[in-house]
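Undergrad: Work the whole structure out from these sequences, hints included.
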Amino acid sequence: MTILVQFAIGLIFGLGLIISGMSNPAKVLNFLDVGGIPAGTWDASLAFVMAGAVAVTFIGFSRVLKLPRPFFAERFYVPTRKDIDPRIVVGPAIFGIGWGLAGFCPGPALTALGFGSRSALIFVAAMCAGMMLARFIANLPSSARVAAPTDPLET
Amino acid sequence: MIATSFTPVASLLGGALIGLSAVLLMWATGRIAGVSGIVARLFPPYEDREFAGRLAFVAGLVAAPLLVLVVTGRLPAQAIAATTPVLIIAGLLVGFGSVWGSGCTSGHGVCGLSRLSVRSLVATITFMATGIATVFVIRHWS
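Protein chains in written order, with my numbering: chain R, 3 to 157; chain Y, -19 to 122.
Think of the hints as simulated: they come from the structure by calculation, not from any bench. Don't take each hint at face value.
[Stated by the list, open to error] Computed footprint of chain R on chain Y; a stretch qualifies when at least three of its residues, placed anywhere within it, have a C-beta under 8 Å from a C-beta of chain R:
1) 4 to 16
2) 40 to 46
3) 65 to 77
4) 95 to 108
Values in this document were obtained by computation on a predicted structure and should not be read as measured data. Cβ coordinates follow ideal geometry from the N, Cα and C atoms, glycine included.
TA: Now the structure itself:
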């Protein structure tokens, strides 16, 4: 049952990506291209995606998190860290460069797989390799001494 | 570059669906709808027994275009200009960076900002800045 529910929730997420235009890398790159504002090629649509998503999530989370527990789980797993360590800047900085190169972030890349896109397949394979590499390095004993010894997969 | 049109209504509506999905996942499983975290945890080492649920969520993401195709009879526009080497480098950077920084556009940008998390705000500002800078260099410095 929970498996079917999670499939449906993923499906809603994917539909949102498609309807919003976020699953189209050309649209993402045109949003990131603020240098295109004078020429009129800037596509501000993605700001509306963020606004719609954050508005619904903000209201929804505030209600759901008041419940005693989730429907199918024992408790809520909400990140609690508040410290600003180097990794919370370095990681997203690297992520953003990759995002700007191809116009894909993880969600839209997976949805693009369903379009039968060969480009998405190549991207997703490389993305998974990058993820495994990051987890491997984060779990090395030496890096655990330097970085905070916490789960790298906070979210 | 490939020109795209401004779609505020569809984007707001699609964004709301993404938010609805994040809220439903929190309600059902008590977890953050962070796609990078969900995908990364499909690979070992495993820390919990949520593998099947995560795989189902990812399957839903992948199946969404098929549902659109069945309902509307066609697939929406999708234009990928990047060459194979660029896709590989971009994929490696996105995968590594999202795990290193504990999240991506969904985990930090949507869920984190909605929780008013300072870490997610820092992350979101950072990846927007380097994303914008990367596109600027590619499109306007050559």
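Undergrad: Hint by hint, note whether the structure agrees.
TA: Here is what the structure says about each hint:
1. Taking a C-beta to C-beta cut-off of 8 Å, the stretch 4 to 16 of chain Y contributes 13 residues in contact with chain R, enough for the three needed, and the coverage statement holds.
2. Check result for the stretch 40 to 46 of chain Y against chain R: holds, 7 residues qualifying (beta carbon to beta carbon below 8 Å, three or more required).
3. With 12 residues carrying a beta carbon less than 8 Å from a beta carbon of chain R, the stretch 65 to 77 of chain Y meets the three-residue requirement, and the given coverage holds.
4. Here the stretch 95 to 108 of chain Y counts 11 residues with a CB under 8 Å from a CB of chain R, which clears the bar of 3, and the coverage holds.
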